[in-house]
Amino acid sequence: DGGITQSPKYLFRKEGQNVTLSCEQNLNHDAMYWYRQDPGQGLRLIYYSQIVNDFQKGDIAEGYSVSREKKESFPLTVTSAQKNPTAFYLCASSILVIWEERNATNEKLFFGSGTQLSVL
Amino acid sequence: QQPVQSPQAVILREGEDAVINCSSSKALYSVHWYRQKHGEAPVFLMILLKGGEQKGHEKISASFNEKKQQSSLYLTASQLSYSGTYFCGTADRDDKIIFGKGTRLHILP
Chain A
1 DGGITQSPKY
11 LFRKEGQNVT
21 LSCEQNLNHD
31 AMYWYRQDPG
41 QGLRLIYYSQ
51 IVNDFQKGDI
61 AEGYSVSREK
71 KESFPLTVTS
81 AQKNPTAFYL
91 CASSILVIWE
101 ERNATNEKLF
111 FGSGTQLSVL
Chain B
1001 QQPVQSPQAV
1011 ILREGEDAVI
1021 NCSSSKALYS
1031 VHWYRQKHGE
1041 APVFLMILLK
1051 GGEQKGHEKI
1061 SASFNEKKQQ
1071 SSLYLTASQL
1081 SYSGTYFCGT
1091 ADRDDKIIFG
1101 KGTRLHILP
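Going down the list, the sequences are from chains A and B. 1 is the number of the first residue of the first sequence in this note's numbering; add one for each residue after it. 1001 is the number of the first residue of the second sequence in this note's numbering; add one for each residue after it.
Chain B extracted, bound-state conformation (with noise of 0.2 angstroms):
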């Protein structure tokens, strides 16, 4: 089943902050958090594993609350380059990675 992510779509200006949520019915091992643009290949972001941990990459963070099976990804301080669609990636005992429908981000100047 997949990951329910929100909103669906956000814009923003530049400078601005951003929150994409995810969340799972199924208890989680692993979040994984990548970007796509338009016609090419999802590009890796960052991983969390259970355990509550947050994650930085830039001005892009994560946390993940494995009790309430939940992730979100913050985006401080928007650039340009983060327009795109964020899509989150769960991982259960099976490992194999579900991922959710995408959110699609836009950044005006």
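One chain only, chain A, in its complex shape (with noise of 0.2 angstroms):
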């Protein structure tokens, strides 16, 4: 079955450490997203990207940095210049029509199951 899946479910992170989310799709999907969730704040944009080895940062993508080398994979690495990095992490892919020149437009989202990173 298709999908974008997520791992782990659960990582905990030491001050001082770098930690990676996994983040994969065999939806053939062109853009993908990473998205930090935190109580009453909604979902906020960290990175994104709408084709292999090009991303974006998204707003608060201090802390955080990410690769795209493969349509498939868009892995989001939590540095240790994120200070405040418990969160639940989600990530998301989409087709992109393009419709002329420059504009584009994303189909809908789909999510994986998230990642809860807390700090020990």
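Note that these hints are calculated values from the structure, not bench results. The C-beta atom is built at its ideal place from N, Cα and C for all residues, glycine as well. Any given hint could turn out to be false.
Unchecked claim - The following label-pair restraints were derived from C-beta to C-beta distances:
no.	chain 1	residue 1	chain 2	residue 2	range
1	A	P75	B	H1038	24 to 30 angstroms
2	A	D54	B	Q1079	41 to 47 angstroms
3	A	Q56	B	E1058	32 to 38 angstroms
4	A	S73	B	Q1079	36 to 42 angstroms
5	B	K1059	A	K14	45 to 51 angstroms
6	A	F88	B	S1061	34 to 40 angstroms
Reconstruct the complex from the two isolated chains, following the hints.
Written as structure tokens, this is what we have:
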């Protein structure tokens, strides 16, 4: 079955440590997203990528890094520079429809089941 | 900048109607609506593209007024299964999708 898989489900980080959250999709989707969810804050965009080897910062990119070496994979690294990393992290993917030069529309987002990151 | 959703929370009795609003300070190309139940991933409800369209999904429908940069989600004859947090996501010319803070909906039997 096609879908989007996040791992691990729970992750603990020690102070000063970098950790990487995995996100894999076999839907052949062009676009992939990382969102952070905190209680009462909704979903805040960390990074997004519309094509392999290209990605853009979202509203809260500081302290995070990503790579998009393959279409199906979009790992997120939470670096030691992120001082408040405890949150629920959601990865999503979608088909990107190009409807004229420099304009595109995302079809519906498919979300992974999320990773809860906590600090030890 | 996050779109603004209102109200923040709603409590209804089964069978009652609700409206959730979403407004943005930026010009919009599309609006997405999702529902999330506690501990689960958000689930897609519908997308509205610029053009003032209205769409429906069972007893849930939505409208999009691009001039006012607003969208509204209408839930009629609510069911217990409608409980959860509703998020609107807005996309501008860059097409990145930015979500609001959500509206918590609780349906009482």
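Status of the hints after comparison with the structure:
Between P75 of chain A and H1038 of chain B the Cβ separation comes to about 27 angstroms, which falls inside the hinted range of 24 to 30 angstroms. At about 43 angstroms, the beta-carbon gap between D54 of chain A and Q1079 of chain B stays in the expected band of 41 to 47 angstroms. The hinted range of 32 to 38 angstroms is satisfied by Q56 of chain A and E1058 of chain B, whose Cβ atoms lie roughly 35 angstroms apart. For S73 of chain A and Q1079 of chain B, the Cβ-Cβ distance of about 38 angstroms falls inside the hinted range of 36 to 42 angstroms, so the restraint holds.
The supplied range of 45 to 51 angstroms is met by K1059 of chain B and K14 of chain A, whose beta-carbon atoms lie about 49 angstroms from each other. A C-beta distance of roughly 29 angstroms is found between F88 of chain A and S1061 of chain B, which places it outside the suggested range of 34 to 40 angstroms.
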